[in-house]
Amino acid sequence: MISEKQHGLMYSVHHPSKKPVVRWFIIFLVLIQLSLIWPIYPLVGHIESFILGMPFSIVWVLFCLLLSFSGLLAFFLWDEHLWDEHLWDEQSQAEQGQDVLGKAEQSKILSQHTTNHESFSERAKS
Amino acid sequence: MSDTWIIVGISIGYLLLSLVMGIVPGLKVSKSSEGYVAGDRSMNLLLLYFVLGASIFSSFAFLGGPGWAYSRGVAALYIIAYGTLGMVPLYFFGPRARRMGVKYGYLTQAELLSERYQSPFLSILLAILTVVVLIPYLTLQMKGAGLVLSTISDGEIPYWLGAAMAYGVVLLYVFFSGVMGVGWTNTFQGIFMLSIAWFLGLYLPRELHGGIGPMFEAIQQEGLGNMLQAPGLQSDGSSWSWAGFSSAVLISAIGFSMWPHFFMKTFAAKDDRTMKLTVVLYPTFQLFLLPILFIGFSAILSFPGIEPADTILPYVLRTIDLPIVLVGLVCAGTLAASMSSGDAILHAAGAVFVRDGLRKFPQLRTAMDQKNVERKVIQLSILLISILAYYFAVISSIDIVSLLLGAYGGVAQLFPLVFAMFYWPSATRIGALTALISGIIVTLIFLFWPELKPWDIHEGIYGLIVNLFSLITVSLSTQKTESSIVEKFTHA
Numbered sequence: 001m002i003s004e005k006q007h008g009l010m011y012s013v014h015h016p017s018k019k020p021v022v023r024w025f026i027i028f029l030v031l032i033q034l035s036l037i038w039p040i041y042p043l044v045g046h047i048e049s050f051i052l053g054m055p056f057s058i059v060w061v062l063f064c065l066l067l068s069f070s071g072l073l074a075f076f077l078w079d080e081h082l083w084d085e086h087l088w089d090e091q092s093q094a095e096q097g098q099d100v101l102g103k104a105e106q107s108k109i110l111s112q113h114t115t116n117h118e119s120f121s122e123r124a125k126s
Numbered sequence: 127m128s129d130t131w132i133i134v135g136i137s138i139g140y141l142l143l144s145l146v147m148g149i150v151p152g153l154k155v156s157k158s159s160e161g162y163v164a165g166d167r168s169m170n171l172l173l174l175y176f177v178l179g180a181s182i183f184s185s186f187a188f189l190g191g192p193g194w195a196y197s198r199g200v201a202a203l204y205i206i207a208y209g210t211l212g213m214v215p216l217y218f219f220g221p222r223a224r225r226m227g228v229k230y231g232y233l234t235q236a237e238l239l240s241e242r243y244q245s246p247f248l249s250i251l252l253a254i255l256t257v258v259v260l261i262p263y264l265t266l267q268m269k270g271a272g273l274v275l276s277t278i279s280d281g282e283i284p285y286w287l288g289a290a291m292a293y294g295v296v297l298l299y300v301f302f303s304g305v306m307g308v309g310w311t312n313t314f315q316g317i318f319m320l321s322i323a324w325f326l327g328l329y330l331p332r333e334l335h336g337g338i339g340p341m342f343e344a345i346q347q348e349g350l351g352n353m354l355q356a357p358g359l360q361s362d363g364s365s366w367s368w369a370g371f372s373s374a375v376l377i378s379a380i381g382f383s384m385w386p387h388f389f390m391k392t393f394a395a396k397d398d399r400t401m402k403l404t405v406v407l408y409p410t411f412q413l414f415l416l417p418i419l420f421i422g423f424s425a426i427l428s429f430p431g432i433e434p435a436d437t438i439l440p441y442v443l444r445t446i447d448l449p450i451v452l453v454g455l456v457c458a459g460t461l462a463a464s465m466s467s468g469d470a471i472l473h474a475a476g477a478v479f480v481r482d483g484l485r486k487f488p489q490l491r492t493a494m495d496q497k498n499v500e501r502k503v504i505q506l507s508i509l510l511i512s513i514l515a516y517y518f519a520v521i522s523s524i525d526i527v528s529l530l531l532g533a534y535g536g537v538a539q540l541f542p543l544v545f546a547m548f549y550w551p552s553a554t555r556i557g558a559l560t561a562l563i564s565g566i567i568v569t570l571i572f573l574f575w576p577e578l579k580p581w582d583i584h585e586g587i588y589g590l591i592v593n594l595f596s597l598i599t600v601s602l603s604t605q606k607t608e609s610s611i612v613e614k615f616t617h618a
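Protein sequence lines, in the order shown, are assigned to chains A and B.
Numbering of the first sequence is given in the working numbering, commencing with residue 1 and proceeding in unit increments.
Numbering of the second sequence is given in the working numbering, commencing with residue 127 and proceeding in unit increments.
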């Protein structure tokens, strides 16, 4: 339930442990965006030196583009890994708690997650 | 057969191929609205990547991009600078929106917003704004296609017929196939125009200057170094201010993912992973803008003084000695750029008009709930919107470009509402409505009366400041939305 007094931002209710990493990731993204505008881009947006035949003002933008792509890819891989771990944890918990939860309920929990996440189902099959 | 008709023949062949690519995939999805608007929520990575990627490769990118580089130098990098992170919000919003779509049947951005903020009025308002913004956008794409066909045929195909031919094809496949037609044609058109862009972007500097390095060195040696010094020039030839450049990049990056025809593709994604991976791969599409800019840079010294700058690509093609088949392929590539944006816009405008506008009226909703009636109404709307856009492109003399200029600042005003929808439980209906309306009004005031701006920054930034302030203050002082509704979104 949401408290009447709660005015702050609601973060991922599924993965509270993601919060610090996401925070750093967002800081990384903000820095990249600032690198493409004032105040960072004016420091590096000059012509010299030429790299691969292009002036540095162009090279810098390409560098930021590649950096953001690498950062996004790394974050995505971490995110995927987290999902997989989270689902395996739930699966093992479900197996351990067979006496407490009925099998139907366990499979319901798992199927709910697997519909949202293909890579898990692929791993489970393998 | 004359050269002109060889080029025209290649372009017409390309149009026919697009038609087949667009019609066939539509036969495989259901006849429901979900099939027509969201492709039965089955789009894979390849399709989603090209649908979202090819949408930015519009007539503007293919004709305007080289034009900017030619007349304003590295100011053209602005397009890459805002696209670098412009799609990232969809990494976070997209999967949530998609899951809600699967669970509750949502197909558009406004359906989510109106449910979260409990306001049918917000939905109707967004429907009107979307159509008002997308029609000029579509009109510009039509104008681009008409110009290409009339230019390459030396006027044998008049402008009105060129626009009608290209958009007749678009209308046919969007009308019959919906979003899957858009998806497959965009994939085909995307691969095609990227190949053309890279070919020209590397060929022209080599042909005219001996390579990319000598080209930039020559520009610097000729005393035009200020074109290569960030942030480049303004359209009048004076240096662009850092405030102007930075605020334009920022507002475009914020608004980028909020365009209705972009955002609603999240509902078409097959799963969360596809949605996220599309966002991750998106910067690779931005990289393809680079050769487009090289085309403009290559013409700075070789063809000075061409007006308007947007015609530099067709001008260069007519002037240099390229094999005629290649010229035909480049023209087809330009048509691809126009059509791959135009089809997504046309499809979104029709879907939003019906789902977010007409459906909010109870009598119409009852009628549309009958089997496949809604799909037919969307198809009819697509037909009417095409006719209206064609009217503006060919017959009317109203200056619609100013409408589109305002749209970039306007669409960014949706960002705080979408963010708060998922992450800020305290946002309320009155807060959201006040924020959106005040943000748009402030943006429009500074767009039409720029002399009132206190600082030289993009009008959308002023709108966004007022928008955020209104959202926070009004939401905190008005009645909260029912927690069960809020939790649907914050726990999505």
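Some clues are possibly wrong.
Result set (DSS-like, lysine-lysine): computed pairs, CA atoms no more than 27 Å apart in a straight line [what the hints assert, rightly or not]:
hint	chain 1	residue 1	chain 2	residue 2
1	B	K396	A	K18
2	A	K18	B	K497
3	B	K579	B	K157
To give an idea of the interface, some chain B residues facing chain A are shown, with a C-beta separation under 10 Å as derived from the structure [said to hold, decoys possible]:
hint	residue
4	G337
5	S372
6	L403
7	T410
8	S564
Simulated from the structure, these hints should not be mistaken for laboratory data.
Using N, Cα and C, we set each Cβ at its ideal position, and we do this for glycine too.
Evaluation of the provided hints:
At most 27 Å may separate the alpha-carbon atoms for a hinted pair to count; K396/B and K18/A meet this at roughly 24 Å. Taken as a hint, the K18/A and K497/B pair is broken in the structure, with Cα atoms around 44 Å apart against an allowance of 27 Å. Between K579/B and K157/B the alpha-carbon distance is near 50 Å, which puts this suggested pair outside the 27 Å criterion. Annotation: interface hint on G337/B holds; nearest CB of chain A at approximately 6 Å, less than 10 Å.
The beta carbon of S372/B is positioned within 10 Å of a beta carbon in chain A (closest approach about 4 Å), and the interface hint is therefore held. For L403/B, the interface hint holds, the least distance from its beta-carbon to any beta-carbon of chain A being 7 Å, beneath 10 Å. Against a cut-off of 10 Å between C-beta atoms, the interface hint on T410/B holds, since the closest Cβ of chain A lies about 7 Å away. With 10 Å as the threshold, the beta carbon of S564/B stays out of range of chain A, its nearest partner Cβ sitting at about 21 Å, so the hint is violated.
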